[in-house]
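Heads up: the sequence lines are chains A and B, in that order.
Numbering follows our numbering, with no gaps: position 157 of the first sequence is 157.
Numbering follows our numbering, with no gaps: position 148 of the second sequence is 148.
Just so you know, not all the hints are guaranteed correct.
Derived list of chain B stretches under chain A, where covered just means 3 residues or more per stretch with a C-beta under 8 Å from a C-beta of chain A [unchecked claim]: (1) 48 to 61; (2) 99 to 106.
Counterexamples of contact, computed for chain A against chain B with all Cβ distances above 10 Å [said to hold, decoys possible]: (3) His87; (4) Trp242; (5) Met257.
Just so you know, these hints were derived from the structure itself, not from any lab.
Note that the structure is a prediction, hence the values are computed from the model and not measured.
Backbone N, C-alpha and C fix where the C-beta goes; we use that ideal spot for every residue, glycine too.
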Amino acid sequence: MNWSIAKKNFSRQGLRASLNVLVTALSIIALIFMLSLLNGFQAQATRNVINTDIGGGHYRAPGFDILSPSKWEDYTVKVPDTLLRLHNKDKAEVLVVQGQLYPNRRLYPVQIRGISMEQSLLQLPLDNLKTFSANFDDLIPVVVGAKMAKKAHLHKGDTLTLKWRDRSGAVDAKDIIIIDVGDILNPRVDEGVVWLRLDHLRLMTDRKNEVSWVAVKHYIGLISEFEFQPVEFLMSDLLALWRQDRMNSKILWAILMTLVCISVFNTQMLNIFKRQKEIGTLMALGMDSQRIVRIFTLEGCLAAIWALVVALLLGLPFFIWFQGVGFDVSHLSESTLPIRETIYPDYQPMEIIYSLIIVFILIVASSWFPVKKITRLDPTMALRGRAIK
Amino acid sequence: MHDKLITLKEITKVFRVGEENFTALNGINLQIESGAFMSFVGPSGSGKTTLLNLIGGLDVPTTGDIFFKHTKLSSMNRIQMAKYRRENIGFIFQTYNLLPVYSVYENVLFPLLLNGSKEKDARERVMNIVSKVGLSDQIKKKPSQLSGGQCQRVAIARALVKDPLLILADEPTANLDSKNSLQILELMSDLNEQYKAAVVFSTHDEKVTRYVRREVGLEDGEIISDKQ
């Protein structure tokens with residue numbers, strides 16, 4: 001009987017109930033959207049870093065530290081057979097040396113990266129390096145990223161001087177030609193990086209068969225000449241940023257949740273406030289307090305269920321549509337985050353379920369609390385509409 | 001000889017108003033017999049509504065005891081008190097207090113459902129009582145679609161439908177015009193004869209006093225007269 005009374009009360013409240021349901025449903029949609037967009041952003045940025053730099057981890061020359069450029073040349077090793085035997089789609093050999101570029105007579109310290117042209121593990125816009133047919137003795141073909149080009153005022157076809165140290169420590173210099181300005185999604189391999197063919201860089205530095213690291217698709221076990229650095233290590237700064245971001249998003253989530261809660265609580269309080277006399281009448285008719293609380297809480301449950309249904313009906317088409325169009329973040333091209341494309345939300349079912357459960361509990365609690373308060377008072381107060389003020 | 005339905009012994013009710021105490025009822029001793037048709041009369045603030053609320057178990061006295069037959073109301077807990085109201089008392093309020101989202105039929109049916117009846121068993125009784133208060137053609141309407149007089153008839157039907165021993169009517173004619181007031185009083189008088197439920201009004205409407213068989217006068221929380 002409680003259920004049928006609650007159903008009747010709820011269904012006949014009309015606009016008030018509908019608005020309550022709609023506000024809650026929109027809040028749920030906003031909550032899911034925000035969380036999923038953040039997930040999508042982080043997932044895409046992580047994917048971009050993996051696809052352009054890290055792969056499944058690096059077998060690095062022991063002692064090599066990307067944060068100590070003055071020592072890069074000291075830590076290069078020959079690629080062992082174990083890694084040489086890997087298929088080109090499972091590895092990317094990389095040699096890194098320090099250099100200086102002289103665009104417009106300015107000195108511009110750069111990281112010179114030579115990468116095997118046969119590799120297909122990392123997705124970098126370096127195809128032109130393969131096909132460029134100028135004489136290497138005259139000009140060294142290089143590719144720079146769009147960010148680097150913008151910062152150093154470089155353009156496709158520009159020639160300029162590049163200086164580096166060879167194996168014996170002697171400083172060499174030669175003119176390079178920018179054969180392409182690539183659209184590199186990951187600013188870590190764009191800004192301050194000059195991309196060369198690995199064979200060219202090896203020739204320039206007299207480091208036959210040597211690399212700074214080999215990016216691999218999967219860990220293939222210990223290799224004595226190398227130390228393996230897993231994805232988590234190589235991305236530790238980014239992951240720390242994501243963790244911080246997650247924490248911030250949790251705060252944002254809590255704020256949004258609080259707003260949802262206040263909105264629902266406010267609506268329910270107003271609803272209950274307006275129905276004090278009705279509650280008093282129910283008490284006068286002999287309905288016991290517990291039953292009244294149960295009925296009003298069931299009404300809250302119904303509001304919550306309808307809010308979830310409406311959120312599903314409105315949200316699902318919206319989420320499907322948004323999954324197709326995404327969210328353009330090209331304005332982030334100036335940032336140092338490894339993303340410069342369209343973000344697509346990443347819906348995490350468990351996260352959504354937890355959020356929905358919490359919203360549901362909040363709605364039910366905000367229905368239960370004020371009625372509980374009223375029914376603890378004398379029925380005369382409720383009948384006079386003075387039980388809650 | 002009628003049985004004693006309600007007995008009030010040395011009833012006092014004190015309300016806290018701000019920093020001060022307000023004595024609404026002071027040393028009330030009274031008996032109400034079953035089948036009575038009586039009224040509490042007096043000016044505003046004399047304690048009429050408070051007395052009805054205490055008898056109806058909506059409020060508790062500060063001191064003194066109220067007995068329903070031989071059961072002391074103050075010995076009941078909240079659940080027992082709700083049961084007491086549900087089974088024995090019918091309320092009629094000045095502002096009708098109908099459930100706004102329910103139709104006339106559903107409002108009258110509601111007390112029976114609360115008492116555990118099934119709708120199909122209660123339907124005939126509801127239709128019968130609705131017809132007695134002259135609202136058979138309004139059965140599907142909501143309270144908002146009815147006049148004040150019609151709403152009060154619904155409230156009377158709702159109070160009577162469960163066949164209570166006592167009906168407490170708090171200023172039932174206060175919001176009605178003369179014509180409707182008289183119709184309501186005629187109706188309640190007839191129903192009192194027919195159903196034998198005791199009816200207690202609180203009122204300062206002189207029209208009511210013409211209908212009742214007993215009139216208890218109240219002033220400043222004390223009984224000043226008791227006319228049969």
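Tell me, in ascending order, the numbers of any earlier hints that this structure violates.
none
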